[in-house]
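**Q** Here the protein sequences line up with chains C and U, keeping their order. Sequential numbering from 7 applies to the first sequence in the working numbering. Sequential numbering from 4 applies to the second sequence in the working numbering.
Take these hints with a grain of salt, some might be off.
Here are some chain U residues the structure puts well away from chain C; computed CB gaps all over 12 Å [what the hints assert, rightly or not]:
#, residue
1, Q14
2, N25
3, G85
4, K88
5, T93
6, P94
7, T97
8, Y185
9, D196
Simulated DEER-style distance windows between Cβ atoms [what the hints assert, rightly or not]:
#, chain 1, residue 1, chain 2, residue 2, range
10, C, R16, U, N162, 33 to 39 Å
11, C, A124, U, N162, 35 to 41 Å
12, U, V143, C, G168, 44 to 50 Å
13, C, A82, U, L224, 27 to 33 Å
Quick caveat, the hints were computed from the structure, so don't treat them as lab data. Note that the structure is a prediction, hence the values are computed from the model and not measured. C-beta atoms are modelled at their ideal positions from N, C-alpha and C, and glycine is treated no differently.
Read off the chains here:
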Amino acid sequence: MSDAPAILVRDLRKTYDAFEAVRGIDFEVARGEVFGLLGPNGAGKTTTVEILEGYRTRTSGIVSVLGLDPGDRPRALRERTGIVLQSSGMYRHLRVREAVEHWARLYPAPRDVDEVLALAQLEGKEDGLVRTLSGGQARRLDFALALIGDPELIFLDEPTTGFDPQARRQAWDVIRHLAELGKTVLLTTHYLDEAQALADRVAIIKDGRILAEGPPSELGVGSASHYRVAWRDEDGVLQEREATEPTALLHQLTSAALARGEALRDLSVTRPTLEDVYLELTAEPETTHV
Amino acid sequence: MSDAAVLTWHQYRLERKMFWRNPTAAFFNFVLPLLFLGLFGAIFSGSQHDLDVIVPGIAGMSIMATTFSALAMNITFLREQGVLKRVRGTPLPTGSYLAAIGANAVTNAVLQVGIVILAGKLFFGVGWPKDWIELFVFVVAGVACLASLGVAWSHVIPNFDAAAAYQNIVFLPTIFVSGVFYDADTAPSFLRDIAQVLPLIHIIDGLSGALVTGRGLSDNLSALAVIGVWTAFGTLFAVRGFSWESRRA
Numbered sequence: 007m008s009d010a011p012a013i014l015v016r017d018l019r020k021t022y023d024a025f026e027a028v029r030g031i032d033f034e035v036a037r038g039e040v041f042g043l044l045g046p047n048g049a050g051k052t053t054t055v056e057i058l059e060g061y062r063t064r065t066s067g068i069v070s071v072l073g074l075d076p077g078d079r080p081r082a083l084r085e086r087t088g089i090v091l092q093s094s095g096m097y098r099h100l101r102v103r104e105a106v107e108h109w110a111r112l113y114p115a116p117r118d119v120d121e122v123l124a125l126a127q128l129e130g131k132e133d134g135l136v137r138t139l140s141g142g143q144a145r146r147l148d149f150a151l152a153l154i155g156d157p158e159l160i161f162l163d164e165p166t167t168g169f170d171p172q173a174r175r176q177a178w179d180v181i182r183h184l185a186e187l188g189k190t191v192l193l194t195t196h197y198l199d200e201a202q203a204l205a206d207r208v209a210i211i212k213d214g215r216i217l218a219e220g221p222p223s224e225l226g227v228g229s230a231s232h233y234r235v236a237w238r239d240e241d242g243v244l245q246e247r248e249a250t251e252p253t254a255l256l257h258q259l260t261s262a263a264l265a266r267g268e269a270l271r272d273l274s275v276t277r278p279t280l281e282d283v284y285l286e287l288t289a290e291p292e293t294t295h296v
Numbered sequence: 004m005s006d007a008a009v010l011t012w013h014q015y016r017l018e019r020k021m022f023w024r025n026p027t028a029a030f031f032n033f034v035l036p037l038l039f040l041g042l043f044g045a046i047f048s049g050s051q052h053d054l055d056v057i058v059p060g061i062a063g064m065s066i067m068a069t070t071f072s073a074l075a076m077n078i079t080f081l082r083e084q085g086v087l088k089r090v091r092g093t094p095l096p097t098g099s100y101l102a103a104i105g106a107n108a109v110t111n112a113v114l115q116v117g118i119v120i121l122a123g124k125l126f127f128g129v130g131w132p133k134d135w136i137e138l139f140v141f142v143v144a145g146v147a148c149l150a151s152l153g154v155a156w157s158h159v160i161p162n163f164d165a166a167a168a169y170q171n172i173v174f175l176p177t178i179f180v181s182g183v184f185y186d187a188d189t190a191p192s193f194l195r196d197i198a199q200v201l202p203l204i205h206i207i208d209g210l211s212g213a214l215v216t217g218r219g220l221s222d223n224l225s226a227l228a229v230i231g232v233w234t235a236f237g238t239l240f241a242v243r244g245f246s247w248e249s250r251r252a
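Just chain C, same shape as in the assembly (with noise of 0.2 Å):
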């Protein structure tokens, strides 16, 4: 049981009168990992975790979350996860405690109010109304109200957009004690560096269909995969060269500047970030340079 996946996903499509928004996705995310959906607006990101989280249901394909089919929205299932939506509300006339309280009493095992509270950095808030919160604030009490049943599987949806540098990090930082807790996360994010920091794997997704899935630091290393060598020649222009294997490259640069008696200045190695295989995959095929 425990080395069933989370989620598993098999060719899951959903379709909206006409259009199709998910065209046969296929992913699995295991017990433990935070798993990182990125692409576009209108990629069906959204439509795919909303399956996922039972508040869609799907047109065909096979869909499991936590060995439960949240088609059904078994009430188990929910008692299980947390889920931090895109956007939604909250009672305006509650206390910020009152609010967490009350969610706790909805879940069979929930952690303590307190220690979530601090959690999700909402410490001086508790007394507070909600509708007295900012943007950043009602955002954490989103966490606070997703984490206080203590579930096995976090969805985060856009979970900082809106968040200032500072308020993000801290954000990251209880993603990260999630995962060290042994969660499960499903993170969908526009922010490619987020999903770099947090993710052990991303897939991107455009049009409704995946375009590519795995580690961030290795998604460069498939089709797209190369290196990028930077150097400033004899004459002082910078020069740069792409490469598949640069060994024999930066062995000729070095010795060439070792002959000359000069300094290699300015050299650099990289290798394609998530970035740019991001905005690889996900551009228009117009602009793609294939």
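We have chain C already, so just place chain U on it with the hints.
**A** Leaving out everything else, chain U in the frame of chain C:
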């Protein structure tokens, strides 16, 4: 108590707490009908016949304000704010949630009708209810009918900005034609015909029988039948059309 019943109770207590913290809702649900009762009571103070009309009329209006209007507004607001969607993602069973918000509306209706009856006895010479069973039956039937219609109507309201207009376009004409403020028998026949099709006049007739005239349940069966048809209609659309999410999303 079963687990679902415990959760219903927790949710109900939360709804009560939030109701009293929301001054606008508390005003529209409690103060406005009582204000109307005070004003019309003063205007008609010389005529017991008119007072006998206004007390059950305001009681009926209170039921409509606390169930139909309050639910149509609240559900629209919670849906557009995304609160309903959030609740839907928790283990709270749908039935528990709907039972809790329904019970919250019923509590307000019962409190309000109680206050109107008390005021009728103390200030307007109406006396204690003549038929408690009939009163109970018509309050229950009225609440069920107007609550289901309120939930159903929330599906028609496109967004929260429009909610007050959509709610009032039903509420205000209905209370005027249904004889809340005057004896409906004195209205022109085409208005009477319209009113007879709607449920509120029948709820008020039943309340009038229970509170004032002593006209028994057996004489008000046709009124109950009309209310029953509207309840069935309201329940069908309340359940079938229920949307947990804003349509803009």
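**Q** Beyond 12 Å from every chain C Cβ: check whether that's true for U/P94.
**A** violated, 5 Å
**Q** Test the statement that U/G85 is away from the interface with chain C: the closest C-beta pair must be farther apart than 12 Å.
**A** violated, 4 Å
**Q** Classify the label on U/K88 as holds or violated, using whether its beta-carbon is more than 12 Å from each beta-carbon of chain C.
**A** violated, 6 Å
**Q** Just checking, U/T93 versus chain C, shortest CB gap more than 12 Å?
**A** violated, 5 Å
**Q** Grab the minimum beta-carbon distance between U/N25 and chain C and tell me whether it stays above 12 Å.
**A** violated, 5 Å
**Q** Per the hint of 35 to 41 Å, is the separation of the Cβ atoms of C/A124 and U/N162 within bounds?
**A** holds, 37 Å
**Q** Against chain C, does U/T97 keep a CB gap of more than 12 Å to every residue?
**A** Violated: least Cβ distance 9 Å, not greater than 12 Å.
**Q** Is 44 to 50 Å a correct range for the gap between the Cβ atoms of U/V143 and C/G168?
**A** For C/G168 against U/V143, whose Cβ atoms are near 47 Å apart, the range 44 to 50 Å holds.
**Q** Starting from the range 27 to 33 Å, see whether the pair C/A82 and U/L224 falls in it by beta-carbon distance.
**A** The hint (27 to 33 Å, Cβ to Cβ) is violated, given that C/A82 and U/L224 are roughly 47 Å apart.
**Q** Against chain C, does U/D196 hold up as non-interface, every C-beta pair farther apart than 12 Å?
**A** holds, 42 Å
**Q** The output says U/Q14 does not contact chain C. Does that hold with a beta carbon cutoff of 12 Å?
**A** violated, 8 Å
**Q** Mind checking the hinted window 33 to 39 Å against the Cβ distance between C/R16 and U/N162?
**A** holds, 38 Å
Hint check: violations occur at hints 1, 2, 3, 4, 5, 6, 7, 13; the rest are consistent with the structure.
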